[in-house]
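Novice: Those sequence lines, one after another, are chains Z and C.
Counting along the first sequence from 1, when you hit position 104 you're at 104 in the numbering used here, and nothing is skipped either side.
Counting along the second sequence from 1, when you hit position 8 you're at 8 in the numbering used here, and nothing is skipped either side.
These are computed hints drawn from the structure, not numbers from a lab.
A portion of the hints provided could be inaccurate.
What the hints assert, rightly or not - Pair ranges (Cβ atoms, derived):
1. Z:H72 / C:G3: 30 to 38 Å
2. Z:R61 / C:E82: 38 to 46 Å
3. C:S79 / Z:Q58: 46 to 54 Å
4. Z:T69 / C:V116: 44 to 52 Å
5. Z:Q76 / C:Q41: 23 to 31 Å
Cβ coordinates follow ideal geometry from the N, Cα and C atoms, glycine included.
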Amino acid sequence: GESVGLHLPTLSVQEGDNSIINCAYSNSASDYFIWYKQESGKGPQFIIDIRSNMDKRQGQRVTVLLNKTVKHLSLQIAATQPGDSAVYFCVSGGIKAAGNKLTFGGGTRVLVKP
Amino acid sequence: DSGVTQTPKHLITATGQRVTLRCSPRSGDLSVYWYQQSLDQGLQFLIQYYNGEERAKGNILERFSAQQFPDLHSELNLSSLELGDSALYFCASSVPQQGALNYGYTFGSGTRLTVV
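Generate coordinates for the entire structure from the input sequences, incorporating the hints supplied.
Specialist: As structure tokens, then:
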């Protein structure tokens, strides 16, 4: 079956620095990837997604990089702020929606130090 | 407000009891997904419904069941509860049409179940 894993369970970052969260996926058929952010006691929130026909996508202070050759995904957060403290999940799945179950990775906790 | 509504927000019950968690998907979404999240753990997929029919099943115990009603709201029933069932239970909904492009899930804020 498919697995989506994360390299680091916890990432401590100084406020203002850039954060990089890495993720590996195993199913080469996956063609849609998402990063979710989950703050304590809340449901996961969509941050950014990328489709397999792209290798980079930028949002507001976030950039997702996709390397299909090595099946690796990363999330870069620029100028990390205290509000970025959360657990981040990478998710993979198919680009067609109906019937598709997205696979969640185990999560990386980001702790922002003041 | 994500548009996905889950009730109740908190639930405390005794072992051996049965509870029902409710989810109203975002307007227009036909797919509903249930996830379980234990303390400091990842999200475990339980079950998916699409337009009233079960579509996919994950690590859902036989003591647990779910259904999706004609108005598309869904209920997750947990019976013969054990201490280990204490967790956050999330519902998510997604893009409706067959063949539509995936835009990920929209999650509710969850139900925190405590079994004592």
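Novice: Given the hint of 30 to 38 Å, is the C-beta distance from H72 (chain Z) to G3 (chain C) inside that range or not?
Specialist: Between H72 (chain Z) and G3 (chain C), where Cβ atoms are some 32 Å apart, the hint holds.
Novice: Does the Cβ distance between T69 (chain Z) and V116 (chain C) fall inside 44 to 52 Å?
Specialist: Taking Cβ atoms as reference, T69 (chain Z) and V116 (chain C) lie about 51 Å apart, which means the hint holds.
Novice: CB of S79 (chain C) to CB of Q58 (chain Z), is that within 46 to 54 Å?
Specialist: 47 Å, holds
Novice: Lying within 38 to 46 Å: is that true of the beta-carbon distance R61 (chain Z) to E82 (chain C)?
Specialist: The hinted range 38 to 46 Å holds for R61 (chain Z) and E82 (chain C), with Cβ atoms some 43 Å apart.
Novice: Given the hint of 23 to 31 Å, check if Q76 (chain Z) and Q41 (chain C) actually sit that far apart at their C-beta atoms.
Specialist: Since Q76 (chain Z) and Q41 (chain C) have Cβ atoms about 25 Å apart, the given range 23 to 31 Å holds.
The structure shown violates none of the earlier numbered hints.
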